[in-house]
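> The lines below spell out each chain.
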Amino acid sequence: MNAPLAIEVTHLVKTFGATRAVDGISFTVPAGSVFGFVGPNGAGKTTTLRIMATLDEPDSGDVLLCGQSVHDDPREIRRRIGFMPDALPSIADITAHEYLDFFGRAYGLRGVALAYRLEEVEDFTGLRPLREKTLAALSKGMKQRVCLARAIIHDPAVLLLDEPAAGLDPRARVELRDMVRQLAAMGKTILISSHILAELAEMCGGVIIMEQGRLLSQGTLEAVAMGTRPDAKVCEVSISVVGGRAFPRATAHEDVRPPPDDAALQTLLGAIPAIRSFQKAAGGDEWIVTLQGGEEAAADVLRKLVEGGVRVTDFRLRKSTLEDVFMNVTTGGLN
Amino acid sequence: MNAVLLKELRQGIRNRYVLAAYLIFIAVLLIVVGVEMAGFMKVSADHPQMLFAAGKALFLAVHKIFAWVAMVFIPGYTAARLVHERWRADIDLMHATPMPPSALLIGKFRSAVALAGLFLGAALPFFGLSYFIGNIDVPNIVMSVALTLGAVAILTLCAILAAIAPMHKIIRGLALLGLAVFLYVAAEGWVGATEGLCSAGYMNILGNVNSCIGFAVGVTLGVSVAVLLYTAALAGFRPVGSDRMRPFRISATALLAGWGAVTALLSRREDSEGALEAWVVVLAFFAIGAMIFGMSERTEPGLYLRKRMPRSRVWRILGYPFRTGQLNAVCWSLLLFAIALGINCIAFPTWEVTEYCFVCRTPHVFPCSMTDREHALVLLLNASAYVLTVFAVWHHLLRRKVPASALWWVTLLVIVLTQIALSAICGSGVEFIKGWVGYLFANKRDVLPWLYIWNYIALVSLIPICLRAARGEAGAGI
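Chains P and B supply the protein sequences, listed in that same order. Counting in the working numbering, the first sequence runs from 1 upward without gaps. Counting in the working numbering, the second sequence runs from 1001 upward without gaps.
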């Protein structure tokens, strides 16, 4: 049975003057999953997130969050989502604790419930030792923690994070990633917009790719990677071989042949039907082979190479990274 | 307790400017009271009865300082904080919570009132001292302080509106500069007015019908302005596309129609002409305000998307001018002019001014007291104001609908139509061609400041467009 949907975006359109910032996009995010929201600058990610957070109104289309339309009851939607924008908190003359207390009250928490929730959130984000410091005295990483704490103060089911790791140092980034993972483990649905694709790939179960206001692709990373190639199930393997003497004879029946040289190896690779192209890496014994058919085809290639007497020292199936997918899918067009 | 109020109070007590202002306020109070008392003690050595007259003088001195601080610092501080929060998108975060926009506005407003209370608390012992010294009674003290707090409330709403209204940062900067000048002038005028009233004695007003009417009119106008400012500021706190101008348009139309009705009731009075003039000027300003606000608004898809549009076609049409959107803003302006025209032409069919109305057949020729040179200056300023206004409105509203090549014809058409409308409302008849601004300003030298202000506003509204054009950005227009 399919998981219920936490986010459903249908035919969303938003224009600013002559610019069509969001151009009829539709996508879904299942409940309890972590999805990456990627695209070049000006793709319309922030606009889409702002519409989801009920900060902007779409020209047409709808967004359902936990089954509730943003048009019907925006205030109810705001109770169910936590929005973390790309701007850091900058309210002057206020401590981190007072800042979170204010937002807790704004979400309707009072008394013991508010105090308990504040303690919980400050412990989770590691802000307890800094609670009495003013926001101006906090580092960027700490401000980002305050921002995350503010987004989860009311225990929302859906989290919308817009560039949460932008400008953070590596340590702060790793800590933020851990917190997001913990939130995901709590069953929250998380949609993260980010340009740091390697980290997104580690955190996200799925990805949504936008460009120039349009949706280019959506799904799990593997599905998107498959879908980005015109010919499905194409993958790359890197094969390292060594030349020299033949395999030592193990039994009397074993074939004793010298290992093929480069030319013979090329002939051998060229004879395998699944292989579409191959080339030798400069300055080494590594060969990069593109083949069609996925993991099964790769296994066949390995078998045929070994049968052909090639001494394979390393055989790696290179999976597409999110960066590869992103570069394949997007064209670099500006909106 | 309102979350915004609590936050603002926490910020206020930690803010160094508030602390500095408070300490300076107390220090100035102590110095002024000390100097006043020392002066009276010296005089009363020879004339003991003079000490009893010191109460009112002491009260007026303390009240003057309190009024200055409360009317300038508090609105200024509120506006500065709001601009900072808006600039850094913190307001957006507040909008992402279930807290209604009115809670934001009320929280900001109440925190300003609380701050005024803080300053009042510091001044209260000195008010008490002046009462115990004598020559001033409790009603005068209470009335003066209450009126000042009322003025602080209105000025704070003005400041909130200037800080939150959607406008270009240069225009906002100029608006805040204008607000600072306005606060200065308002404080100066208010201190003078309350001193005069206090010297005359508020209780004496009850015995004079004209003073009572004037007082009632002042209070009613103050409340009306506060309502308008509140609804306009509330619109600034609500997101674009949320039909945010509806409360403002409804309250403004109701108040202006009410004012017109009161003017009609008082039409037999000798000064009714002045009242009508004032009403028409305010009407025109609100119509222009609606246009300017309308420029920042989008059309009304949000209402359809939220299924909040009335099902009945009649209600949809009737409610059209009151809804958010550029065309709706134009409709609202036309509605206001229609109200003005209707009340002028229908309610006063025998009234002297109306007889000269454009719709009547006996146009009145006003004697021209201006020299040719003055007349030429008026015409020049008028023409430039019209051209600049049409350019600004065209750029913001009609660039895609009206080609640039037709702009001069449009300008000409606007001048003619506006003059006909003004003449029809104000009763200058066909003289609009000669005077260009109708009965109101045709032959009066005091038209010049108005024209300068009009030109200034139009020029300021063109600054962002000119900047974009200078930077060579696409769509700069002119």
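Simulated from the structure, these hints should not be mistaken for lab results. It is possible that part of the hints are untrue.
Claimed, not checked - Keeping only pairs whose Cα atoms sit at most 20 Å apart, straight-line, the calculated DMTMM-like set for lysine to aspartate or glutamate is:
1) LYS133/P <-> ASP1090/B
2) LYS1064/B <-> GLU1195/B
3) LYS143/P <-> ASP1092/B
4) LYS280/P <-> ASP261/P
Said to hold, decoys possible - DEER-style ranges, computed between Cβ atoms:
5) THR1220/B <-> GLY108/P: 56 to 66 Å
6) VAL1181/B <-> MET186/P: 53 to 63 Å
7) ALA1180/B <-> GLU119/P: 51 to 61 Å
Claimed, not checked - Anything over 10 Å on all C-beta distances counts as not near chain P; from chain B, calculated:
8) ALA1003
9) VAL1004
10) MET1037
11) LEU1093
12) ALA1096
13) MET1099
14) PHE1127
15) LEU1174
16) GLY1192
17) PRO1239
18) LEU1327
Heads up, the beta-carbon is just placed ideally off N, CA and C, and yes, glycines get one too.
> Any of the earlier hints contradicted here, and which numbers?
5, 7, 8, 9, 11, 12, 13, 17
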